[in-house]
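*Asks:* Please arrange chain B on chain A, whose structure you already have, making use of the hints.
Number of protein chains: 2
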Amino acid sequence: MAKVNPHYAKLVAGYLFPEIGRRVKAYQEANPSASLIRLGIGDVVLPLPDAVREAMHNAVDEMGTEGGFRGYGPEQGYEFLREAIVRHDFAPRNVDIGADEIFVSDGSKCDSGNIQEIFADDAQLAIPDPVYPVYVDTNVMAGRTGAADDTGRYEGILYLDGNEANGFCPSPPATGADLVYLCFPNNPTGAVATVAQLKEWVDWAKANDAVLLFDAAYEAYITDPNIPHSIYEVPGAREVAIEFRSFSKSAGFTGTRCAYIVIPRELNGRGPDGPVSIHALWSRRHSTKFNGVSYPIQRGAEAAYSDAGHAEIRTRVDYYMANAAIIREGLDGLGVKTFGGVNAPYVWAKTPDGVSSWEFFDRLLEKANVVGTPGSGFGSCGEGYFRLSAFGKKDQVEEAVDRIRTRM
Amino acid sequence: MAKVNPHYAKLVAGYLFPEIGRRVKAYQEANPSASLIRLGIGDVVLPLPDAVREAMHNAVDEMGTEGGFRGYGPEQGYEFLREAIVRHDFAPRNVDIGADEIFVSDGSKCDSGNIQEIFADDAQLAIPDPVYPVYVDTNVMAGRTGAADDTGRYEGILYLDGNEANGFCPSPPATGADLVYLCFPNNPTGAVATVAQLKEWVDWAKANDAVLLFDAAYEAYITDPNIPHSIYEVPGAREVAIEFRSFSKSAGFTGTRCAYIVIPRELNGRGPDGPVSIHALWSRRHSTKFNGVSYPIQRGAEAAYSDAGHAEIRTRVDYYMANAAIIREGLDGLGVKTFGGVNAPYVWAKTPDGVSSWEFFDRLLEKANVVGTPGSGFGSCGEGYFRLSAFGKKDQVEEAVDRIRTRM
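These protein sequences, in sequence, are chains A and B. One point on numbering: in my numbering, the residue at position 91 of the first sequence is 91, and numbering is uninterrupted. One point on numbering: in my numbering, the residue at position 25 of the second sequence is 25, and numbering is uninterrupted.
Next up, chain A with everything else stripped away, as it sits in the complex (with noise of 0.2 Å):
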């Protein structure tokens, strides 16, 4: 039999979140009256915006025709896309990206996923803990660490603790790195960095000839003026980051598939033979591996910047971040220690009398038949803590922190 990649035998565990699917199938199969409701998984419910909606219908239209059909596009995403986004998401906040420095790719899932590959097999990495699960089992599949130990850390990475002390928001280490992941606003924790602690990280990055892998999928969600949107808001980070953005999450695309990435010009790595450009190297990847967005989705991206997407899309964050409010306050009603959920649409919230979070998970579902996301699943300093998600109705929501207050 040929022999198969020997590293995807060290991942702990299944990908999180079909696990949770299975226990939540499993007691929905034994209880088939329960009515759940499912805070975990960070989906949106709420529709595509009309604008969208219209412009992918126009698009479709046009790939009906003998003049308007359109075959392959430019792997890295038409331009029409990669300057809206240019437009919209950068030049307002004075930041300077270029369109030609913008990859558009079908989700974040896969961005993050895949950026491991342009680096070397024994780059040093260094995660937070808790985190989003995608960094570290793509990093363990392609062999850039050791077996895992008993609390489900692997050999060879560098983990940045997060906890109530630093408010999830670890500093760098006193070591070097070659590739740090971090999230902003944080997925699981809500947190978010100011200016002053993402430039830490960029100096940091300077002095260590490090690359800061920056996730900003859940920027939207930012209320607080003072929080950056994006790494590059700080001087000195086109040298050393690249940076993952989504429209999942802000204009509902988690069904229709868009997401982008930013590699500044001026990013090195070091090459076998001297300093090689990330962008070039990721530019060979992307059209190697990958042949384009649909170009009906491109054009639905494009029009959630248009006025009446924009609006659609405040009207959809305000919706989601007024369910995280009444998730936080329940909570706290109820005496449970909870964070985030200020700039973000996740609630992270400390298990109540110690119990495990997978004790809690299992719980809340049968006896709340409320779906949520154990902590421990993202990292071992996710242990005893739970994620609620802010992304469903509101009268569930309600219904939801009613049901732990009445049942739990």
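The hints are simulated quantities; they were obtained by calculation from the structure and are not laboratory data. Treat the hints with caution; some may be incorrect.
[As the list claims (entries may be wrong)] As a list, the in silico DSS-like pairs of lysine-lysine whose alpha-carbon atoms are at most 25 Å apart:
1) A:K337 to A:K394
2) A:K3 to B:K350
3) A:K3 to B:K199
*Replies:* What follows is chain B alone, placed relative to chain A:
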């Protein structure tokens, strides 16, 4: 600076099609009045079928309603599409494939580029020459080869020479290998494999514990009823083969993006602790690094199997195959030796007067203003050959052949 993947530096040239794009752009800028006919990239030109367009419309409308909105779908693809695939692509040919053995993706380029990840770094590769460059390049990037020699061949790959003597359909090698890439109907040569020829491969794979990566992206173009459309028409293939299929060339999805991969449950690889299910490995990879294909696109793909969709696809395939005949007969009439173009949308031609492939590319571009693909871009055995694609408008194809006749 962070250490980058050193293997990218081994890649001998830019990915073929961007390189063609660069040369064409330079010529067009220097000769703005030249009217180019593009038969280079294998990209469809006819509009999306009405049935597909309507299904996408309806799905986009659904996404705009409270009740119909869909967020994250199953990573593996919606059951409605996977079941339609089984019912229409496999059951009618008496091929036993289950819907759970299908993984829907956004393109065969991605699938055939990503599949190598689940195999060992030191897996021995056997790759035909000429070949679709993605198979080679993605393995070079992953570090499965040494440096390239003067002919562009990488150390460590077992190349399978395709030539006129074997009808560009190489037999299994005398030695073993772990992974073999096969593509029938073939890109770039247009060759097809009989059941007997594929049986040789299946038997060899069983005897040598190899996995066959069978790319059937062009199966819709098979006209000879004796040619198999799927490797699984060969007994025993379920134990040794993965198959790639695409909606790109059949339903015109090059700009819309949908494909799938088949991994039978019987297929095992050799893991560190014994046999490992390849299906399980790919499932882990797919659910960790991919988030499913856009819902409206999957509904469009499903509609390609409706009676109306099927009829529209047949019309398109017939149209392109009439183009293939025009190219084939036109070149034959000029004394140019041609191959393919009967069960495949590509005509593979011997360059006249023994000129090199890129020299002929430039001559064709400059004298006839026709864009083709140099055979050497597909490997050293392609040197002295040239690929013309039947994917064009009929009048343009006729004009291209006429220009070749009168201007070359």
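*Asks:* Against this structure, judge whether each hint is valid.
*Replies:* Now the hints, each set against the structure:
A hinted pair counts as satisfied when its Cα atoms are at most 25 Å apart, and K337 of chain A with K394 of chain A qualifies at roughly 22 Å. In summary, the hint linking K3 of chain A to K350 of chain B is not supported, as the alpha carbons are separated by about 39 Å, beyond the 25 Å threshold. With a C-alpha separation of about 23 Å, the suggested pair K3 of chain A and K199 of chain B falls inside the 25 Å cut-off, and the hint holds.
Checked against the numbered hints given earlier, the structure breaks only hint 2 and satisfies all the rest.
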